[in-house]
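Enquirer: Given next are the chains, with one letter for each unit.
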Amino acid sequence: MLKGSATKKRLFGFIILGWILLLISDRIGELRQYQGAFVAMYTLAIASIILLTGYSGQLSLGHSALMAVGAYAGALSINNFKLHPVIALVIAVLIAGIFGLLLGYAAARLSGPYLAGTTLALAVSLPTIANQFPVLGGEQGLVFDIGTPPARFGEDFSQYQWFFWISCLSALIMIWFLVNLLSSRYGREFRALRDNPTAAQLAGLNIGRQKALAFSLSAGIAGLSGGLLVMLISGVSPSAFPLSLSFLLLAGAVVTGVYSLKGVIIGALVLVAIPEIAESVVSRIGGSEGFTTSLPGFMVSSLLILAVLFAPNGPGHLLHKKSTLNIKDNSREGNK
Amino acid sequence: MIRNTRMKRFSIVSVVATVGALVFSTLPAQAADPGVSAKEIVLGYSGPLTGSAGQVYGKLPGAMKAYFDHINANGGVYGRKIKLVVRDDKYLPTLAATQTTNLVLNDKVFALVGALGTATHSKAYAAASLAKKNVPDLFVNTGFSGFADKAKYPTTFTILPSYAMEAKIMAKFIKDTPTLAPQASFLIAQDDEFGVDGVNGFKLAGHTFAAPATLYPQGGLSAALAEGALTKLSAVPGKPVLVLFGTTDSTATILKAAEKLSLVSKFNWIAGSVGGDANTLLALGVKPATINGILAASFFPDAKDATDSYVSAFTSINTKYNKGVSFDNVVLQGMNSAMLTVQSLRAAGKNLTRTGLIKAIESKGAGFASAGLVPLNFSGSSRVGYNGYWFGQLNEKGELKPFGGKLTTYTTDSSSTSAPTASSYERKPVPKNGVPTNS
Numbered sequence: 000m001l002k003g004s005a006t007k008k009r010l011f012g013f014i015i016l017g018w019i020l021l022l023i024s025d026r027i028g029e030l031r032q033y034q035g036a037f038v039a040m041y042t043l044a045i046a047s048i049i050l051l052t053g054y055s056g057q058l059s060l061g062h063s064a065l066m067a068v069g070a071y072a073g074a075l076s077i078n079n080f081k082l083h084p085v086i087a088l089v090i091a092v093l094i095a096g097i098f099g100l101l102l103g104y105a106a107a108r109l110s111g112p113y114l115a116g117t118t119l120a121l122a123v124s125l126p127t128i129a130n131q132f133p134v135l136g137g138e139q140g141l142v143f144d145i146g147t148p149p150a151r152f153g154e155d156f157s158q159y160q161w162f163f164w165i166s167c168l169s170a171l172i173m174i175w176f177l178v179n180l181l182s183s184r185y186g187r188e189f190r191a192l193r194d195n196p197t198a199a200q201l202a203g204l205n206i207g208r209q210k211a212l213a214f215s216l217s218a219g220i221a222g223l224s225g226g227l228l229v230m231l232i233s234g235v236s237p238s239a240f241p242l243s244l245s246f247l248l249l250a251g252a253v254v255t256g257v258y259s260l261k262g263v264i265i266g267a268l269v270l271v272a273i274p275e276i277a278e279s280v281v282s283r284i285g286g287s288e289g290f291t292t293s294l295p296g297f298m299v300s301s302l303l304i305l306a307v308l309f310a311p312n313g314p315g316h317l318l319h320k321k322s323t324l325n326i327k328d329n330s331r332e333g334n335k
Numbered sequence: 000m001i002r003n004t005r006m007k008r009f010s011i012v013s014v015v016a017t018v019g020a021l022v023f024s025t026l027p028a029q030a031a032d033p034g035v036s037a038k039e040i041v042l043g044y045s046g047p048l049t050g051s052a053g054q055v056y057g058k059l060p061g062a063m064k065a066y067f068d069h070i071n072a073n074g075g076v077y078g079r080k081i082k083l084v085v086r087d088d089k090y091l092p093t094l095a096a097t098q099t100t101n102l103v104l105n106d107k108v109f110a111l112v113g114a115l116g117t118a119t120h121s122k123a124y125a126a127a128s129l130a131k132k133n134v135p136d137l138f139v140n141t142g143f144s145g146f147a148d149k150a151k152y153p154t155t156f157t158i159l160p161s162y163a164m165e166a167k168i169m170a171k172f173i174k175d176t177p178t179l180a181p182q183a184s185f186l187i188a189q190d191d192e193f194g195v196d197g198v199n200g201f202k203l204a205g206h207t208f209a210a211p212a213t214l215y216p217q218g219g220l221s222a223a224l225a226e227g228a229l230t231k232l233s234a235v236p237g238k239p240v241l242v243l244f245g246t247t248d249s250t251a252t253i254l255k256a257a258e259k260l261s262l263v264s265k266f267n268w269i270a271g272s273v274g275g276d277a278n279t280l281l282a283l284g285v286k287p288a289t290i291n292g293i294l295a296a297s298f299f300p301d302a303k304d305a306t307d308s309y310v311s312a313f314t315s316i317n318t319k320y321n322k323g324v325s326f327d328n329v330v331l332q333g334m335n336s337a338m339l340t341v342q343s344l345r346a347a348g349k350n351l352t353r354t355g356l357i358k359a360i361e362s363k364g365a366g367f368a369s370a371g372l373v374p375l376n377f378s379g380s381s382r383v384g385y386n387g388y389w390f391g392q393l394n395e396k397g398e399l400k401p402f403g404g405k406l407t408t409y410t411t412d413s414s415s416t417s418a419p420t421a422s423s424y425e426r427k428p429v430p431k432n433g434v435p436t437n438s
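Protein chains in written order, with numbering that gives the first Met the number 0: chain B, 0 to 335; chain Y, 0 to 438.
So that you can see chain B by itself, here it is in the shape it has in the complex (with noise of 0.2 Å):
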């Protein structure tokens, strides 16, 4: 019952929060729509490390690879196939997510450095693998086009709406069931398998399937992440996925705090926020072309700092804490 009534609030919590996004979708520019777009994709991204390294234990530093799978997917089924946009985003999310259960089979015997590693590997060669299939569309790639929007949404209705209202649905729902899976049992064993590998086999769980599991789920979300990407910049090539994409979403993900999936937006919004900081910045008191470019990777830095001294388990976890505190405070209060 108590099970029944969390996940019914959850619902209805996401169920606001959706109509809030929906409200605030009609109220700001375009350039804050395209923005908050690429925050719902980053969020999707971000969550998706969340997932295999705060969860499940394990380090991945080649997400930007997994997004390519799931951008590739998504670019062949609308350009061959000439499906819906939305199938072609489910499509990016099963084939990377199955791209990612043989990866996570694969990697099942690796653990830390040597599985960071693989990860790496992929990441650094996926895109040259990429270029020698004529059929992905070699180093200009294949254009991801969504077509305009809808015309029963009336003429004023951008594209960038339209990419604002797809993204966000998009990270709503695949949040919603993350933090639902997260709170099931499911999210129990991924927990277990992380804090201690051998007590959870010894309690009978299956280490070499569920680390499989955390990783195709987590394959797949980076697929709908890296489909939403390119559907965001109209095209999919090789260089959309640099290994750099990896480490800002490792960044985002230490920003977030990599055990919880509580503030995840905010590492988000950071990777979106950080650019647009560093150019007012530069505008206001000037400095050299060295300066400008710079900036955002050493802003970046310092608050990855900053994260591991002040907050290591993120800002949301901060907030738990805190909260956590005034109801030990208030139940004092009350017993008194």
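Keep in mind that a hint or two might mislead.
Stated by the list, open to error - Derived contacts from chain B toward chain Y, CB cut-off under 10 Å, selection only:
id	residue
1	31
2	34
3	117
4	179
5	194
6	241
7	259
8	280
In short, the hints are calculated from the structure, not lab data.
This structure is a prediction, so every number in the text was calculated from the model and none was measured.
Glycine is no exception: its CB is placed at the ideal position from the N, C-alpha and C atoms.
Position chain Y relative to chain B; hints supplied.
Expert: Below, chain Y without anything else, positioned relative to chain B:
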């Protein structure tokens, strides 16, 4: 108590969401034609400033800015000063898309100018909705013939001759040159629209290479790959013709590999216009002796030719407004694009609109003064800038001298099998003080 805490949390979330909505909703409404006022015209540039491509092309926006500063110091365009907003895309499609979108939506530029890169700009064009917003996309620095498709890119005007044109003229040059014609020829090209366009041009010209082209990913030519390709080709008898169809950093990688393997004299080297900039090759560490004798195509005068009136005028502007930056082909290209932009803005008249600007280039663009030694090809049906090349030979100083001592320019198109023809084009004199006065 727990219920109260949850209520508090819910209230906080609601307040944050409402405040967020209010903050987002305070943005001003967009004007009909942004980026132009009585005092200012805001233009935008997105291209590589950092990374390997930035090393070569990073000077481009600085050169354009310098020329615009010169125009601003001379009264601007009908009293309006030109402001150029520059954004770094690191030659990455994702960044190109977001930076170009930022230029349009955030910086509210009137037009884009000089965007660089085929794979990057093709994605940026769609992502930033340039066609739908009718944003003029002036003098794009790529020879990809796809950008000439007016239906797909209705606001784009390219500046470089297409790579297909270049390949056709190269094929004619090889065929007409007695020392090259009998030799086996090979192609090493960038595997994107750039290289593929070139391969198609050679096909149109009926040129057959002795082996399939060696293609490498954009920005992905490693020294090992270059050495492997050259080692393989070194077994070919005679002095094979080796055509390099890539960016200058890739040409430098190949030439340095040839130096390492002592194969410089083994080949007849032909570098494309994009990859044959001698100053950049020297700056990237290629030995002067290596570039001596390399054949290269160009549509500009040599940037080291101080006797050329355009080079002389641009060099003066560069010295005054672009301090500390050496004058080379990239700077020449940037200043030339900026000068064409100023002429376009003037041709559009005092009542400047985006539609008016596009129409002005269509109707008057072919007659603009420009440093190019081949004609501009703008018209109601053509969005291609230059449509020809001349062939020269580099010397140790990095100067490009006409091959055989006589400068002959050829013009052609991108799609037919017709052979390139010699051109009698004579360019317009450089505007007085480098400031156009057209209308």
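Enquirer: Determine which of the earlier numbered hints do not hold for this structure and return their numbers in increasing order.
Expert: Failing hints, ascending: 3, 4, 5, 7, 8.
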